[in-house]
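> For the sequence shown, the working numbering begins at 32 and goes up steadily by one.
Worth flagging that the hints you see were computed from the coordinates, not collected in a lab.
Here the structure is a predicted model, which means the values were calculated and not measured.
Be careful, since some hints might not be right.
Said to hold, decoys possible - Restricting the straight-line Cα-Cα distance to at most 20 Å, the calculated cross-link-like pairs of lysine to any residue (SDA-like) are:
(1) Lys-290 / Trp-260
(2) Lys-110 / Gly-138
(3) Lys-105 / Ser-168
(4) Lys-105 / Gln-134
(5) Lys-110 / Arg-76
Unchecked claim - Now the in silico label distances, taken between C-beta atoms and shown as ranges:
(6) Met-212 / Gly-78: 52 to 62 Å
(7) Val-292 / Asp-229: 43 to 53 Å
(8) Asp-62 / Pro-259: 54 to 64 Å
(9) Pro-294 / Ala-173: 49 to 59 Å
(10) Asp-189 / Ala-115: 49 to 59 Å
(11) Glu-185 / Gly-91: 30 to 40 Å
(12) Gln-295 / Arg-193: 50 to 60 Å
(13) Glu-185 / Gly-234: 43 to 53 Å
(14) Pro-294 / Thr-199: 55 to 65 Å
(15) Pro-294 / Glu-217: 35 to 45 Å
Using N, Cα and C, we set each Cβ at its ideal position, and we do this for glycine too.
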Amino acid sequence: MVDKDRSTASPAAAQTPGYRRRLVRYQAVMDLYAKGWLQIDIAERLGVGIGTVQRYIRAGCCPPSAEYTPRPGKLDPYKPYIRARWAAGCRNGTAIANEIRAQGYSGTDRWVTMWIAEMLRPERPRRVTGTKVRPWSPQRAARLMTRNPTDLTERDRDTLERMFRAETNARAVYDLVQRFMAMVREQQCDELMSWINDVREGGITTFRRFGSGIMRDLDAVRNALLLPWSNGQTEGQVNRLKLIKRQMYGRAAFDLLRKRVLPQPATP
Numbered sequence: 032m033v034d035k036d037r038s039t040a041s042p043a044a045a046q047t048p049g050y051r052r053r054l055v056r057y058q059a060v061m062d063l064y065a066k067g068w069l070q071i072d073i074a075e076r077l078g079v080g081i082g083t084v085q086r087y088i089r090a091g092c093c094p095p096s097a098e099y100t101p102r103p104g105k106l107d108p109y110k111p112y113i114r115a116r117w118a119a120g121c122r123n124g125t126a127i128a129n130e131i132r133a134q135g136y137s138g139t140d141r142w143v144t145m146w147i148a149e150m151l152r153p154e155r156p157r158r159v160t161g162t163k164v165r166p167w168s169p170q171r172a173a174r175l176m177t178r179n180p181t182d183l184t185e186r187d188r189d190t191l192e193r194m195f196r197a198e199t200n201a202r203a204v205y206d207l208v209q210r211f212m213a214m215v216r217e218q219q220c221d222e223l224m225s226w227i228n229d230v231r232e233g234g235i236t237t238f239r240r241f242g243s244g245i246m247r248d249l250d251a252v253r254n255a256l257l258l259p260w261s262n263g264q265t266e267g268q269v270n271r272l273k274l275i276k277r278q279m280y281g282r283a284a285f286d287l288l289r290k291r292v293l294p295q296p297a298t299p
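Could you put together the complete structure from these sequences and hints?
Printed below as a string of structure tokens:
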């Protein structure tokens with residue numbers, strides 16, 4: 032186990048904003064690594080590259096900055112001037128580099144801009160990649176509400192509770208749906224009239240219309256709940272015929288459809 036608080040930075044370097052940012056990031060990496068997180072998951076969680084995560088874990092301590100260390104001695108005489116220009120509101124590193132070059136600086140613009148980025152810019156909040164929450168579509172919400180309660184996961188139950196808190200009628204809708212689905216699953220209709228009366232007395236327009244539709248064809252609905260037979264095969268064949276007609280741009284007359292659908296005798 033490595034000590035996440037170890038550091039190879041000098042006391043002066045440890046006071047820089049860049050080092051403090053790096054130390055916070057390093058400690059976050061090591062905390063997650065100690066909890067058993069995969070390196071790629073740590074990188075995604077903290078918004079850093081996988082190479083950074085691997086380098087921190089191998090180092091065993093917060094590594095000093097290598098890429099932002101200016102060339103020794105070249106920039107030192109001009110640092111007070113750079114600080115003064117920064118304090119005066121100049122935020123253009125290239126412009127500052129041109130100014131000190133006129134004073135005799137022989138280094139590159141890149142050293143100047145990197146030193147400014149490391150030493151002068153204020154600390155920025157660390158970006159943490161949060162979990163994206165996929166919004167619930169009506170279709171997904173309907174599937175959750177019609178599912179057998181015994182098949183719900185803990186996450187499903189938490190989602191339902193959030194839906195109940197967000198929408199006033201959601202719990203009433205769920206209760207009505209589950210009562211009707213129980214009649215379908217158990218093939219019994221003893222509670223059908225009671226369910227229709229509750230729907231009529233409720234304030235949910237969609238359910239009132241659904242209840243009125245059931246009453247118009249009550250015998251068929253009762254038979255559908257009680258009897259084991261289904262017209263699914265018939266509906267499937269009708270759908271197949273419609274598909275064939277669409278493939279032929281609606282020009283399939285009965286005789287042609289018959290030849291397409293029914294087995295034909297073998298040609299002698």
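> Indicate, hint by hint, whether the structure satisfies it.
Here is how each hint holds up against the structure:
1. Taking the CA atoms of Lys-290 and Trp-260, the gap is about 29 Å. The hint is violated against a cut of 20 Å.
2. At most 20 Å may separate the alpha-carbon atoms for a hinted pair to count; Lys-110 and Gly-138 meet this at roughly 13 Å.
3. At most 20 Å may separate the alpha-carbon atoms for a hinted pair to count; Lys-105 and Ser-168 exceed this at roughly 61 Å.
4. Of the pairs offered as hints, the one joining Lys-105 and Gln-134 holds, with about 12 Å between alpha carbons and a cut-off of 20 Å not exceeded.
5. For the given pair, Lys-110 sits about 37 Å from Arg-76 by alpha-carbon distance, which is inconsistent with the 20 Å threshold.
6. Between Met-212 and Gly-78 the Cβ separation comes to about 44 Å, which falls outside the hinted range of 52 to 62 Å.
7. Remark: the range hint 43 to 53 Å for Val-292 to Asp-229 is upheld by a beta-carbon distance near 45 Å.
8. For Asp-62 and Pro-259, the hinted distance range of 54 to 64 Å is satisfied, since their beta carbons lie about 59 Å from each other.
9. Restraint check, Pro-294 to Ala-173: a C-beta distance of roughly 40 Å breaks the suggested window 49 to 59 Å.
10. Range check, Asp-189 to Ala-115: Cβ separation about 57 Å, and the 49 to 59 Å hint holds.
11. For the hinted restraint 30 to 40 Å between Glu-185 and Gly-91, the CB-CB distance of approximately 38 Å keeps it satisfied.
12. The hinted window of 50 to 60 Å between Gln-295 and Arg-193 holds, with their beta carbons roughly 58 Å apart.
13. About 31 Å separates the C-beta atoms of Glu-185 and Gly-234, a value inconsistent with the hinted range of 43 to 53 Å.
14. One distance hint, 55 to 65 Å for the beta-carbon pair Pro-294 and Thr-199, holds here, with the actual separation near 58 Å.
15. A hinted range of 35 to 45 Å holds for the C-beta pair Pro-294 and Glu-217, which are about 41 Å apart.
Comparing the model with each numbered hint stated earlier shows that hints 1, 3, 5, 6, 9, 13 do not hold.
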